[in-house]
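Engineer: With the hints as your guide, set chain B onto chain A.
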Amino acid sequence: AQRVTQPEKLLSVFKGAPVELKCNYSYSGSPELFWYVQYSRQRLQLLLRHISRESIKGFTADLNKGETSFHLKKPFAQEEDSAMYYCALGSYNQGGKLIFGQGTELSVKP
Amino acid sequence: NAGVTQTPKFQVLKTGQSMTLQCAQDMNHNSMYWYRQDPGMGLRLIYYSASEGTTDKGEVPNGYNVSRLNKREFSLRLESAAPSQTSVYFCASRTGGLGNTEAFFGQGTRLTVV
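Each protein sequence line maps, in turn, to chains A and B.
Position 90 of the first sequence, counted from 1, bears residue number 91 in my numbering, the numbering being contiguous throughout.
Position 34 of the second sequence, counted from 1, bears residue number 272 in my numbering, the numbering being contiguous throughout.
It is possible that part of the hints are untrue.
Example chain B residues on the side facing chain A (calculated, C-beta under 8 Å, incomplete) [to be verified]:
#, residue
1, Asn266
2, Gly278
3, Met279
4, Leu281
5, Tyr286
6, Glu290
7, Glu297
8, Asn300
9, Arg332
10, Phe343
11, Gly344
12, Val351
Residues on chain A that point at chain B, a partial pick, calculated with CB under 7 Å [unchecked claim]:
#, residue
13, Lys23
14, Tyr26
15, Glu33
16, Leu47
17, Leu48
18, Gly97
19, Gln103
Keep in mind that the hints were calculated from the coordinates and are not lab data.
Glycine included, each C-beta is placed from N, C-alpha and C at the ideal position.
Okay, chain A solo, but in the shape it has when bound:
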């Protein structure tokens, strides 16, 4: 079964501190993995996808197939990073089915 788990509902850090938002997935095939972000009163938008191996706004995420994880990291959090973050798992073999985790609210305090 296809599943995404984000164990933390809320993560609160101070500005300049490192941030790690956890994501674990369950999928038998080759996964498509994404991080989406939703800023207050805005629509969801793509932050990262695993296949790109890029850094956006200082965030990176590495796919660990052995641990079935795709954690999101940033070395120095900024106040503007405060938002809701969603990990998503896509299934190319199931017609592009795309499911999301429960979300983690990141709060960066000054």
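Structural biologist: What follows is chain B alone, placed relative to chain A:
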């Protein structure tokens, strides 16, 4: 650049009433999705459509029906609304068949069932 457009933005229904949420995209995407967003539950997939003429159940399909009217439009219908369907509903679309493509979201519909 319209992207994904949902109507209406807000709706209040009485228990037992029916309504249809509309979604349209202008990016020539094959795949379209309907999600509901509830506090602590994240986004849960209701139905999705891999291409025009096909629809599949997601994680929480009960109480909903969908229609992929054409490539652009994907509607979600509540036949007999219940208070448990109070939620924010999001439509999304992405290019199908290529893998790892970005999903684009609508602005959401805030539905309250009383």
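Engineer: Regarding the hint that Gly97/A lies at the interface with chain B, is the smallest CB-CB distance below 7 Å?
Structural biologist: Hint on Gly97/A: holds, closest Cβ of chain B at ~4 Å, below 7 Å.
Engineer: Against chain A, with CB atoms and a cut of 8 Å, does the hint on Glu290/B hold up?
Structural biologist: Cβ of Glu290/B sits 12 Å from chain A, so the hint is violated.
Engineer: For the hint on Leu47/A, just tell me whether its beta-carbon gets within less than 7 Å of chain B.
Structural biologist: holds (5 Å)
Engineer: Restraint: Lys23/A near chain B, CB-CB cut 7 Å. Satisfied or not?
Structural biologist: violated (14 Å)
Engineer: How about Val351/B: closest beta carbon in chain A under 8 Å, or not?
Structural biologist: violated (22 Å)
Engineer: Would the stated hint for Asn300/B survive a check requiring a Cβ distance to chain A of less than 8 Å?
Structural biologist: violated (17 Å)
Engineer: Is the shortest C-beta separation between Glu297/B and chain A less than 8 Å?
Structural biologist: holds (7 Å)
Engineer: Against chain A, run the beta carbon of Tyr286/B and see if the smallest gap drops under 8 Å.
Structural biologist: holds (6 Å)
Engineer: Hint Gln103/A vs chain B: min CB-CB distance below 7 Å?
Structural biologist: holds (4 Å)
Engineer: Can we keep the Tyr26/A interface hint, with Cβ of chain B closer than 7 Å?
Structural biologist: violated (13 Å)
Engineer: Does Gly344/B pass the interface check with chain A, least Cβ-Cβ distance below 8 Å?
Structural biologist: holds (7 Å)
Engineer: Close enough to count: is the Cβ of Asn266/B nearer than 8 Å to one in chain A?
Structural biologist: violated (15 Å)
In terms of the numbered hints stated before, the structure departs from hints 1, 6, 8, 12, 13, 14 and 17, listed from lowest to highest.
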